[in-house]
Amino acid sequence: MKRKIALLLVFVLMFATFAAGCAVEKVDNEEKQESSNSQDSDVIKIGVFEPLTGPNAAGGALEKEGIELAKELYPEVLGKKIEVVYVDNKSDKVEAANAATKLIDQEKVSVIIGSWGSGFSISAGEVIKKSERKVPAIGTSCTNPLVTKNNDYYFRVAFVDPFQGKVMANYAYKEVGAKKVAFIIEKTNDYAVGLAKFFEDTYKELTGDENAVVYRAYYQTGDQDFTAQLGNIKESGAEAIFAPGNFTESALIMKQAKELGIELPILGGDTWETPEVIEIAGEAAEGVVFSTFFDVNAELTDTTTEFLEAYKAKYNKEPAAVTALAFDAYLLALDAIKRANSTDPEAIRDALEATKDFPGAAGVVNFDENGDAVKAAVIKTIKDGKFTYLTTVEPN
Amino acid sequence: MSKKTKLTLISIIACIGILFILNSTLGSYQLRILNLCGIYVILALSLNLINGFVGLFSLGHAGFMAIGAYTSALLTMPPEAKEMNFFLKPIVPWLANVQLSFPIALFMAGVLAAGAGVLIGAPVLRLKDDYLAIATLGFSEIIRVIFTNTQSITNGALGIKGLPYIGIFNKASEAIWWTWGVAIITIIFMALLINGSYGRAFKAIREDEIAAEAMGINLFKHKLMAFVIGSFFAGIGGALLGHLMGTIDPLMFRFLLTFNIVLIVVLGGIGSITGSVISAVIVTIAMEALRVLDGDMQIGSYIIKGIPGTRMVVFSALLMIVIIFYQRGIMGTNEFTWDWILKRQKKISEPLNKEKVS
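Chains E and G supply the protein sequences, listed in that same order. Residue 146 in the numbering used here sits at position 146 of the first sequence, and the numbers go up by one each step. Residue 286 in the numbering used here sits at position 286 of the second sequence, and the numbers go up by one each step.
Treat the hints with caution; some may be incorrect.
Unchecked claim - Mimicking PhoX-like on lysine-lysine, the simulated pairs with C-alpha atoms at most 25 Å apart in a straight line are:
1. Lys45/E to Lys71/E
2. Lys71/E to Lys305/G
3. Lys312/E to Lys305/G
4. Lys89/G to Lys197/E
5. Lys317/E to Lys305/G
6. Lys130/E to Lys45/E
7. Lys80/E to Lys305/G
8. Lys197/E to Lys187/E
9. Lys45/E to Lys317/E
10. Lys89/G to Lys149/E
11. Lys45/E to Lys305/G
12. Lys81/E to Lys314/E
Rather than coming from a laboratory, the hints here were simulated on the basis of the structure.
Working from the sequences, and respecting the hints, build out all of it.
Encoded structure:
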């Protein structure tokens with residue numbers, strides 16, 4: 001009896017979850033007809049793998065918004081309907097590989113878009129490289145150089161960490177006028193480690209001083225207390241702090257730096273462009289400078305305007321940079337299919353490689369020999385509790 | 001040769017035959033899942049030896065897997081691939097040009113993981129229950145942090161990509177023979193170990209440590225032995241997983257990975273080899289098969305909009321149902337044996353015989 005009750009409870013629970021979360025829509029017969037027809041060849045399939053659940057679900061959701069919006073605006077190419085197949089990679093590398101294999105082998109997609117998080121993209125890249133049916137992939141906000149390195153089938157619409165590091169080094173030297181900097185780096189984050197390395201290289205070149213980086217502090221994801229590192233930085237004689245890392249920890253760093261009376265300019269990367277930074281750091285976030293992909297005020301191309309208007313109309317909020325990148329990835333895929341005039345993955349790959357001056361919402365895209373986008377970076381600051389546009393840095 | 005050994009041999013040959021057929025008919029997606037099943041069988045068995053048979057609640061499996069995966073990756077990758085990966089900080093010279101064949105690297109992966117097992121086991125196995133769980137959990141986190149920080153050996157947080165295929169001939173179709181080959185060897189090894197005198201000692205320790213010691217069983221020696229064997233196979237499983245994926249990074253070996261394996265072991269039955277095998281296959285396949293639930297579903301003329309994560313909800317509910325009805329896992333501590341099968345056959349055929357007589 002007890003078991004029966006328990007079983008009943010489980011079913012009630014399951015049903016409740018479904019009922020609470022599911023939107024049931026009635027479809028008329030016409031639409032139904034269409035969806036059942038979608039198995040035919042007059043549909044072009046684009047696969048998207050994103051972390052829709054798990055620790056990185058927030059990032060995946062932002063990118064999904066961009067792809068959904070782009071699909072609404074451009075639902076067709078070559079006179080055929082586009083079907084977007086979403087698969088969840090559960091913020092897990094093994095699942096990402098499974099998801100990518102499913103897209104290639106089961107869904108037979110023509111091109112793949114994704115993902116938030118470099119690890120998942122690398123995982124999918126390996127699958128593509130070793131698969132018999134090779135499908136080109138367009139990375140959205142994965143910035144680890146390893147994603148595209150040595151892989152002819154992976155492209156990306158974001159710039160890579162090395163470029164961002166360079167941009168911030170230039171900014172620190174030329175705009176801030178700092179002769180010596182200190183680092184505080186999230187060691188467990190590939191992105192932060194890469195950024196710091198290329199910042200250092202460029203900065204040493206600019207200053208001509210081998211010891212321009214006076215102090216390097218490291219921390220782990222999830223650390224809460226940075227006062228020891230910040231205390232050392234205060235003593236080190238640095239004129240600016242470069243602190244690439246996850247937004248929560250970075251916000252705490254800003255806050256604790258302020259509490260310790262450190263008045264140095266704090267520089268960072270695109271991860272800081274989240275409302276949480278301002279929420280957590282509050283006053284202390286004022287004046288921090290970071291590089292990112294995109295800004296509402298830096299109208300990079302005509303597509304930017306189109307994207308902004310459509311996004312505002314649909315979601316009624318300010319878009320995140322990664323949403324713009326996902327939007328671009330979808331448009332670029334369409335553009336490549338159009339230029340290839342075919343749904344054959346190989347032809348699309350060749351077309352992608354030949355991309356020239358593609359106008360995306362987050363800047364003009366050209367690919368270098370690795371398949372990485374060469375594009376402008378935007379520098380922003382936080383002023384009066386708001387992200388404020390400073391300047392645009394063109395690639396050289 | 002007894003009847004049972006014959007049956008065992010026949011079933012192994014049948015397994016190989018089935019694998020051969022599957023390998024030539026399935027698509028790359030199904031094959032990947034099948035390979036993952038094999039790897040999870042190895043991992044589940046290695047954890048079950050420690051957790052199930054000796055009763056040491058260890059949560060350090062991801063750490064051993066990380067050691068195995070990195071060892072095998074660094075030993076098999078060609079020098080060019082290493083150079084490509086280590087673009088931030090060059091790899092240490094003594095590793096840069098090492099390239100061993102896959103079987104040797106795989107064995108080394110196991111040996112190094114086992115070595116770590118000795119190092120961590122010797123001090124930690126004096127602890128019991130929850131304290132042991134915490135200590136081993138800490139160990140696996142320490143391994144992860146070390147691998148994140150030794151950038152010139154492991155490439156730190158950036159991870160490594162471009163691991164060669166599983167096997168010696170550099171072909172994708174070879175993987176299944178290695179994953180399931182090692183899995184079958186592991187199953188046989190575990191079965192022999194558990195049914196031998198060591199196995200009885202392990203179980204005695206699990207049931208009552210003091211009684212076991214009174215019977216003359218060297219507690220520490222046996223515990224350490226199980227721990228080291230478990231970590232050896234965990235290292236091999238980790239190495240196979242790394243090669244199947246083609247890429248590894250420290251974040252992969254979080255506590256979540258250990259948790260997955262613990263889940264398989266508990267679901268299958270703590271202390272049952274058969275249970276671990278069955279549940280490793282079921283869990284791996286179910287997670288992929290339930291993907292259908294994430295998408296839009298059409299029932300009649302209604303479309304239910306898919307919500308990502310639905311499969312996890314359903315999966316958890318299924319787990320709850322299994323645990324409610326089979327409180328000790330699918331198999332409990334029972335095993336699949338030929339005696340059991342033969343007895344059942346007898347039971348079925350007996351009434352028939354009686355009828356014939358009458």
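Results for each hint:
1. Lys45/E to Lys71/E: 12 Å, holds
2. Lys71/E to Lys305/G: 17 Å, holds
3. Lys312/E to Lys305/G: 23 Å, holds
4. Lys89/G to Lys197/E: Since the Cα atoms of lysine 89/G and lysine 197/E sit roughly 9 Å apart, the hinted pair holds (cutoff 25 Å).
5. Lys317/E to Lys305/G: 24 Å, holds
6. Lys130/E to Lys45/E: 21 Å, holds
7. Lys80/E to Lys305/G: 23 Å, holds
8. Lys197/E to Lys187/E: Within the cut-off at roughly 12 Å; holds.
9. Lys45/E to Lys317/E: 29 Å, violated
10. Lys89/G to Lys149/E: 16 Å, holds
11. Lys45/E to Lys305/G: Distance ~19 Å between lysine 45/E and lysine 305/G Cα, so the pair holds.
12. Lys81/E to Lys314/E: With Cα atoms ~22 Å apart, lysine 81/E and lysine 314/E stay inside 25 Å; holds.
Violation of the numbered hints given earlier is confined to hint 9; every other hint is satisfied by the structure.
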